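Could you build all of it, start to finish, from the sequences and the hints given here?
Chains as they are written, first to last, in the numbering used here: chain A, 1113 to 1578; chain B, 12 to 452.
Hints may contain errors.
[Unchecked claim] Keeping only pairs whose Cα atoms sit at most 25 Å apart, straight-line, the calculated DMTMM-like set for lysine to aspartate or glutamate is:
1. K205/B x E1293/A
2. K1346/A x D1202/A
3. K442/B x E429/B
4. K251/B x D138/B
5. K1519/A x E209/B
6. K103/B x E1496/A
7. K1303/A x D172/B
8. K1332/A x E132/B
9. K1174/A x E209/B
10. K432/B x E1293/A
11. K444/B x D62/B
12. K1183/A x D1202/A
Simulated from the structure, these hints should not be mistaken for laboratory data. Quick caveat: nothing in here was measured; it's all calculated off a predicted structure.
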Amino acid sequence: MQVFPSHTHRNSSLNDAVSLPTIPLYRSAPPLEVRLEEFESFAIDRLRVLKGISDGLSRGKKPEEMATLVKDLWKANMRHQHASEVLNKDIISHFVLRLVYCRTEELRKWFLSIESALFRYRFCEQGAEAQRVIMEEFDLPYKATSNVEYESVKEKLVQVARSLGQNSSTVDAIYYKVPFEEVPELVAGRKVFLNQGWAYVAMNQVVSLLATLFRSQLSKALILTNRKWTSSIKEKEKHRLAPIVEALSSSYLGPDYSQPREYGEISLKDIDQVVKSSFPLCMRHLFEKLREDHHLKHGGRMQLGLFLKGVGLNLDDALAFWRAEFSKKVGLEKFEKEYAYNVRHSYGKEGKRTDYTPFSCQKIILSTPGAGDQHGCPYRHFSEENLRAALSRMGVNSRATEDVMNKVRNKHYQLACTLTFEAIHGMQCDAGINHPNQYFSDSQKIFQQKVDSSLKFVFKTNACEL
Amino acid sequence: MIIDGYQARETTLPNEFNPNYLKLYYGKLFPHSDLFKWMCYGNDGKHPGCDPSYLSRREFSYTLDNDIYVRFQSFQNAAELESSIKDKCPFKIDIGPVYSVDPSKRHAYAQSGDNVFTPVERELIFDIDISDYDDVRYCCSGADVCLNCWPLMTIAIRVIDTALRDDFGFKHILWVFSGRRGVHCWVCDGKARKLTNEQRSSIADYFRVYKGNENSYKKVSLTGHVLHPFLAGAYSDVLKEFFETKLLTSQNLLSSEERFEKILEMIPDQSATAELRGKWQENRRSSIAKDDINVVRWEQLKQLVHSGKYKAQRLHRCVEEIVFSFTYPRLDMEVSKHMNHLLKAPFCVHPKTGRVCVPIDPNHCEEFDPTIVPTLSQLLEELNREGFTADVDGEWNKTSLGSAIGLFRSLFLQPLLEACKKEIETSYNAKLKHSKDLHSW
Ligand code: SF4
Ligand SMILES: [Zn+2]
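What follows is the structure, encoded as structure tokens:
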């Protein structure tokens, strides 16, 4: 794959290759020329699909719900105005994201599991003939069970099928005998008969097997890509692709909250109240620490300051806010000299926008607070004990706390935050928490609704009395 | 009979845990060389296929006096392992995974790129704890265990052990008493040690029947027209009989209103429960001859559910669901799912009970009695009675630890080491052949 500046035209060499299966297996980088702008935009489109899948999975959506979700995401993002380009877009975007996600273990893991899930759902959407073509492409190392063998375990196979709610009349007659290690999902769901380490995989379960193979091939490929990246591409593309690649991996795709909807949405006098009702734990913690110590280190000032800006605290109020606290510790003069400038700066210059955009959860979660730092995401950076204490101070009951801790243990920090949100507000938050400012605005919306409906209620009762 | 003060002190050691006794235990009784042999998996041999770095990449952790916890200990050879244990005298020894590099030197590798220090092998482990059964046993709670509730552990061993062998094809399985309130299981086959986390999770989930949160064991839900062969086998071969002939009566599951209500709750048909409740409340006083009240009521329940009189959906399943809820093994899932979970080594002494973590023979697990497992002080007493001899190796032979170590060797270690030897040879020959093939090109 070669990347060209945007204006050059490329010859699409895959267009007439009609016999290719509808889901590419991404075995090798395509002999394609890619325009620089497509390099990035295709990747972003695919990333939207992957993030959508990842959210769906971590929210515990059911398989059927996931299937629809994936179909919709794919339709919405992976189209191309020229039908002939759709396959190219699929392949190019995959290979660009490989570069993006090959670079650390954590990134690789995420990419691997989401791409495998994507493959699985797409495979299931295919018709029988298309599935057969894809299967052949995989060149499975397993043979179907012989008749004799099939008869010897038939009773058990029927039992498994019936345990899955199938009618015995529709039970498959073609089974593959596969080491159980290769079909972890089928084992986990007790969807296969196991005997002496062999899993008997029915024809209609083969997708699970393919997904495992797909995954292991991709896993190996990612390691190789990583080697290539560190040994040459990174240096060669220092000025062109590397910055794009690096930006992509930390990209957060929701609204960026850099422009508060209207200044003055919150004012200083009710800030304490709002902190309690609508700040996510990360911000609440910073706020309380600031009140306690009258100081925050740089990381904390950035995280809280930009959040407050996004929430709608205007510059004057922001200055007053920081001044009130800091001057107690460092004195008024030092505050004006050393800190006030930064506050103004973060409200002012539009030029370096990225630096002054409120932090997304992803960015906060990936930050690495050191000694004396208070920033970061409490779900990730607090000890279990401290987190429990913080949750109980927020009024999360013990049942919900256990659910939260469970998510934390599985490293789903944003979900833990979402559950906290739901526990406190007594309402579902279907979109999940992706940004502290989103937490804030969702929370405010709920309170607004509550106020509205209680007003309506008052009005109604009044009307009755009339 | 106290003859003189010294003698008296020697023969009546207080029945508790004591660091000084522990020192003696590690010095005279603990089977260091067996632990070493096991942890080497044949790599301490002379065969050119052996990996001499194998043992040194294994993590050991110690819990010392005052709850000091030292992780990432590693050892080059048998002598180092033994002298470290004797020297540090740990209250508890935990065994961790085999890493890609020597864990005690992990910092040296930390700089050279990501992911160099990572677990590469680990036994598949299971941890079953009787305190997780508190909602279904009335005799004890928490860490306590008696001969009425211990059989729950016994059948857990039978169910899991059978499936590990028959379904998954594992052969080298070690069951160990955890010293107080449960059992540990180590699956040591080569392919078990190499499982990925995902594969480990899949096995743990294969064993799981409790719905919802992993920490709440309340609800068993069995779906489908019939049970999966594994569950069906566990039910008909182990659980059903145990429930009906032992647990019902030993725990008096249906004797009082409070208890039978818990079981009635699991029947998904209001009118069926009402009928049973009526019958049982009436019956409270009339003594039903010789038959045990629990058994009688259980028969009534089964009869009613299967009579076809009530038609609620899933009603036919509730008998099985009740039996599963009360008897099916409750595994600590998290322990089994990840390679880097630590687990206490066999032959440690439990600091609260003083009992030694001895192996359990899964073929005769119903004979195992946790209340007569040798304690530290008992062992030292036995040793004193026999008198110390110069011949240090095999000192344990004179104590009741002898049979435990014998069992460890004959049942587990010897067959394991034989298999390891073969594995090392086969993979070495395969490699040799492979490189020959390459040369002939
Ligand atoms: S998940 Fe996001 S909003 Fe919630 S505490 Fe962490 S960083 Fe803050
Ligand atoms: Zn008991």
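Now for the hints, and whether the structure bears them out:
A threshold of 25 Å between alpha carbons decides the hint, and for K205/B with E1293/A the separation of about 10 Å falls inside it, so the pair holds. Of the pairs offered as hints, the one joining K1346/A and D1202/A holds, with about 23 Å between alpha carbons and a cut-off of 25 Å not exceeded. Proximity of K442/B to E429/B is assessed by CA-CA distance (about 20 Å); at most 25 Å being required, the pair is judged to hold. Simply put, K251/B and D138/B have alpha-carbon atoms about 23 Å apart, close enough for the 25 Å limit, and the pair holds.
With a CA separation close to 18 Å, the supplied pair K1519/A and E209/B stays within the 25 Å bound. Pair hint K103/B plus E1496/A holds up; C-alpha atoms about 24 Å apart against a cutoff of 25 Å. Taking the CA atoms of K1303/A and D172/B, the gap is near 20 Å; set against the 25 Å cutoff, the hint holds. For the hint linking K1332/A to E132/B, the alpha-carbon distance of about 19 Å falls within 25 Å, and the restraint holds.
The straight-line distance between the Cα atoms of K1174/A and E209/B is roughly 19 Å, inside the 25 Å bound, and the hint therefore holds. Proximity of K432/B to E1293/A is assessed by CA-CA distance (about 23 Å); at most 25 Å being required, the pair is judged to hold. Under the criterion of a C-alpha separation no larger than 25 Å, the hint pairing K444/B with D62/B is consistent with the structure, at around 19 Å. With a CA separation close to 14 Å, the supplied pair K1183/A and D1202/A stays within the 25 Å bound.
Every hint, counting from the list given before, is met by this structure.
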